[in-house]
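J.: Residues per chain, in single letters:
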Amino acid sequence: MSAPTPGASAGATTYLEAIREALHEEMARDPDVFVIGEDVAAYGGAFGATEGLKDAFGEDRVLDTPISEIGFTGAAVGAAMMGLRPVVEYQFLDFIACAFDMIVNYAATTRYRTGNAVPMVMRGPMGGGVRGGPFHSQNLEAFFFNTPGLKIVAPATAHDAKGLLKAAIRDDDPVIYLEHKYLYRRIKETLPEGDIVIPIGTGIVRREGRDLSILTFGSMVHRSLEAAAALEEEGISVEVVDLRSLLPFDEELILESIRRTAKALIVHEATLTGGVGAEFAARIGEKAFEYLDGPVLRVASLDTPVPYSPPLEDFFMPSTATITNAARKLAAY
Amino acid sequence: MARASTSRSGKGTRKGKTRAGGNRSPGPRPSDALGPGQKLELYRWMLATRRLEERLTNLYRQNQVVGGLYRSLGQEGETVASAYALEPGDLIGPLIRNLGALLVRGYPPRDIAMQYMARAGGPTGGKDLNVHFGDVRGRGVVPPVSMLGDLIPVMAGVALAARMRGEERIALTYIGDGGTSTGAFYEGMNLAAVWKLPLVVIAEANRWAYSTPTDRQMAVDSMTAKADGLGIFGESVDGNDVLAVYDAVREARARAVAGEGPTLLEARTYRRKGHAEHDMQKYVPEGEIARWEKDDPIDRYEAVLVETGVARRGDLDGIDAEVRAQIDAEIEIAQASGMPDPRVALEAVYADPPRAADHLAPYREDA
Numbered sequence: 001m002s003a004p005t006p007g008a009s010a011g012a013t014t015y016l017e018a019i020r021e022a023l024h025e026e027m028a029r030d031p032d033v034f035v036i037g038e039d040v041a042a043y044g045g046a047f048g049a050t051e052g053l054k055d056a057f058g059e060d061r062v063l064d065t066p067i068s069e070i071g072f073t074g075a076a077v078g079a080a081m082m083g084l085r086p087v088v089e090y091q092f093l094d095f096i097a098c099a100f101d102m103i104v105n106y107a108a109t110t111r112y113r114t115g116n117a118v119p120m121v122m123r124g125p126m127g128g129g130v131r132g133g134p135f136h137s138q139n140l141e142a143f144f145f146n147t148p149g150l151k152i153v154a155p156a157t158a159h160d161a162k163g164l165l166k167a168a169i170r171d172d173d174p175v176i177y178l179e180h181k182y183l184y185r186r187i188k189e190t191l192p193e194g195d196i197v198i199p200i201g202t203g204i205v206r207r208e209g210r211d212l213s214i215l216t217f218g219s220m221v222h223r224s225l226e227a228a229a230a231l232e233e234e235g236i237s238v239e240v241v242d243l244r245s246l247l248p249f250d251e252e253l254i255l256e257s258i259r260r261t262a263k264a265l266i267v268h269e270a271t272l273t274g275g276v277g278a279e280f281a282a283r284i285g286e287k288a289f290e291y292l293d294g295p296v297l298r299v300a301s302l303d304t305p306v307p308y309s310p311p312l313e314d315f316f317m318p319s320t321a322t323i324t325n326a327a328r329k330l331a332a333y
Numbered sequence: 001m002a003r004a005s006t007s008r009s010g011k012g013t014r015k016g017k018t019r020a021g022g023n024r025s026p027g028p029r030p031s032d033a034l035g036p037g038q039k040l041e042l043y044r045w046m047l048a049t050r051r052l053e054e055r056l057t058n059l060y061r062q063n064q065v066v067g068g069l070y071r072s073l074g075q076e077g078e079t080v081a082s083a084y085a086l087e088p089g090d091l092i093g094p095l096i097r098n099l100g101a102l103l104v105r106g107y108p109p110r111d112i113a114m115q116y117m118a119r120a121g122g123p124t125g126g127k128d129l130n131v132h133f134g135d136v137r138g139r140g141v142v143p144p145v146s147m148l149g150d151l152i153p154v155m156a157g158v159a160l161a162a163r164m165r166g167e168e169r170i171a172l173t174y175i176g177d178g179g180t181s182t183g184a185f186y187e188g189m190n191l192a193a194v195w196k197l198p199l200v201v202i203a204e205a206n207r208w209a210y211s212t213p214t215d216r217q218m219a220v221d222s223m224t225a226k227a228d229g230l231g232i233f234g235e236s237v238d239g240n241d242v243l244a245v246y247d248a249v250r251e252a253r254a255r256a257v258a259g260e261g262p263t264l265l266e267a268r269t270y271r272r273k274g275h276a277e278h279d280m281q282k283y284v285p286e287g288e289i290a291r292w293e294k295d296d297p298i299d300r301y302e303a304v305l306v307e308t309g310v311a312r313r314g315d316l317d318g319i320d321a322e323v324r325a326q327i328d329a330e331i332e333i334a335q336a337s338g339m340p341d342p343r344v345a346l347e348a349v350y351a352d353p354p355r356a357a358d359h360l361a362p363y364r365e366d367a
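Here the protein sequences come in this chain order: A and B. Residue 232 in the working numbering sits at position 232 of the first sequence, and the numbers go up by one each step. Residue 318 in the working numbering sits at position 318 of the second sequence, and the numbers go up by one each step.
Please note that a few of the clues may not be correct.
[What the hints assert, rightly or not] With a Cα cut of at most 16 Å, we get these calculated EDC-like pairs of lysine to aspartate or glutamate:
1. Lys-196/B - Asp-64/A
2. Lys-39/B - Asp-315/B
3. Lys-196/B - Glu-256/A
4. Lys-329/A - Glu-256/A
5. Lys-287/A - Glu-313/A
6. Lys-196/B - Asp-60/A
7. Lys-287/A - Glu-232/A
[Unchecked claim] If you want the footprint, here are the derived chain B segments under chain A, 3+ residues with CB under 8 Å:
8. 126-136
9. 142-154
10. 349-357
[What the hints assert, rightly or not] Restraint ranges, calculated between C-beta atoms of paired labels, are given here:
11. Glu-365/B - Arg-259/A: 29 to 37 Å
12. Ala-357/B - Ala-28/A: 33 to 41 Å
13. Ala-56/A - Glu-277/B: 54 to 62 Å
14. Ala-28/A - Asn-58/B: 54 to 62 Å
15. Asn-146/A - Glu-277/B: 54 to 62 Å
Treat the hints as calculated values from the structure; they're not laboratory data. Just so you know, even glycine gets a beta-carbon here, dropped at the ideal spot from N, CA and C.
All chains should be modelled from the sequences, with the hints used to inform the complete structure.
T.: Following this line, the structure appears as structure tokens:
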């Protein structure tokens, strides 16, 4: 690593610091990697994810852009086709919607249509629980999940935040990297020395259990683990599977877990209808039907825009309690 | 940086960099340096564009073209001249009416014919249609998508990459007058302007965006006003004057490599065919097409070549016969080529995995 990570506490690394470390290390490793977005250079990014990059690598590789998501996403696509590896930051991931056309029509199709590779990462803070209101809280994975040509990853831990960002930067196709802003400074862990690369498409079992499987990702991994711990007191053994990658997702890990526990509870923070959980449920129905001992249940946010006021947002989102109650119900089925 | 200018819209005094066509500075023109061979090469590319599109039109009428056919009749001059004005290392992003640019960049006519006929041998192997192909790191051709305006930010990024690598290469792309209405156009142009990227954009004022006339796309008389708004160099040029377009692009290229930033070059021309071949042009006022036929870029250039002693009429007829024979041979090759193996549809969505799952396999008739 060429530059120290500003603000890193001795020992443990936060989720946000892990992202910053991955950016520093990948930029030091590969001169083709550069960062482009709003307020990423002088300011260091709205949440500080790109802090220190300008000083370490210069303004030519850390580009502050005009407010123009189509413009800088498109520019990243062009630079990627030229062989560079841009990392695009959206100040809040809600704003990626402004660049939707450039991502789904251009970036996602170009290898397939024309053989030109578009190795780029699109990252930014998403998710609720921070009282950000309708335009600074959304979970957007389903918008892109139905677009072949894109990859989508969603780390839940500092370790995975680092390892998946490195994998995304090294991947030869466009990757949407969903970082959960609620986790930025709330979780930390001691990371091993050296390179961490998590292969895209691989999930991980966070907690083993016998009675049912919670399939989840992102911030909901932590609430699901809390629910599992609470249910253990009641004698219910809950397995928690963190998918980490959504496109492609680890279908084999899901099926393997369901074959053992025979019950599936899908938990995500995005709204219910058309959410990625519907796809997991369908795969289980198609490929593990005969193993099921109960309905596949889903716990997800209400089918509304993300409300702002704390009582409203708390009511809107899955909580540890709603996950716990759903799991208890499923276990009793 | 400010240059004396008179904008065509001409409302008051401006400090913009816009220059109206015909108001060129005296002195040598870049095209003066073109030898007779190069001038005839330009002619040959224009003719090849027209003859290839004529043959494709026949194939379309015989149902051998899969999907629509898009003509550039009347616009061959600005496309060929602008592509020809680039250096071999430069990057170009052609749109649907810039078939000629692909020929100039070395794609054989058979490639374009196979694309239009959805054949396996086309540059996309049957995955995309018409001129939707490219080879960024090979031929320097950046593939378009159907969404107009998208190539502007993409080409800004291409220019950015070239500059980041310290390469003296520019990026050139095209946009129709209708395409300049898009947000992508403004965002990409603004990015290029702020970063002074080596980007040249040919804005084709060809009167019609499908059936919508230019004055229903914009409230300015000339797209040079858009250049003024962006703070970049703008110029309006007679798009059917091949050498004038060549000169303007050479000068824009020189500014781009000198670090003076992008140019928006309006090429005044006319789309003499419909949006695509199915379009009967009912919306075109009586007599308008006939008037523009008299301003045909190929006819005008032939007159220039004869008047300046570069060629005699008979020489030009000979070139046309050669071009026709070559296009015929290329079309024959395309017609003899096969359709793609269906399983190619699974390939290359990603580098890894290289092949998509065929979840329909259990239900196929041959399963």
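J.: For each hint given before, does the structure comply? Return the numbers of the non-compliant ones in rising order.
T.: 3, 4, 5, 7 and 15
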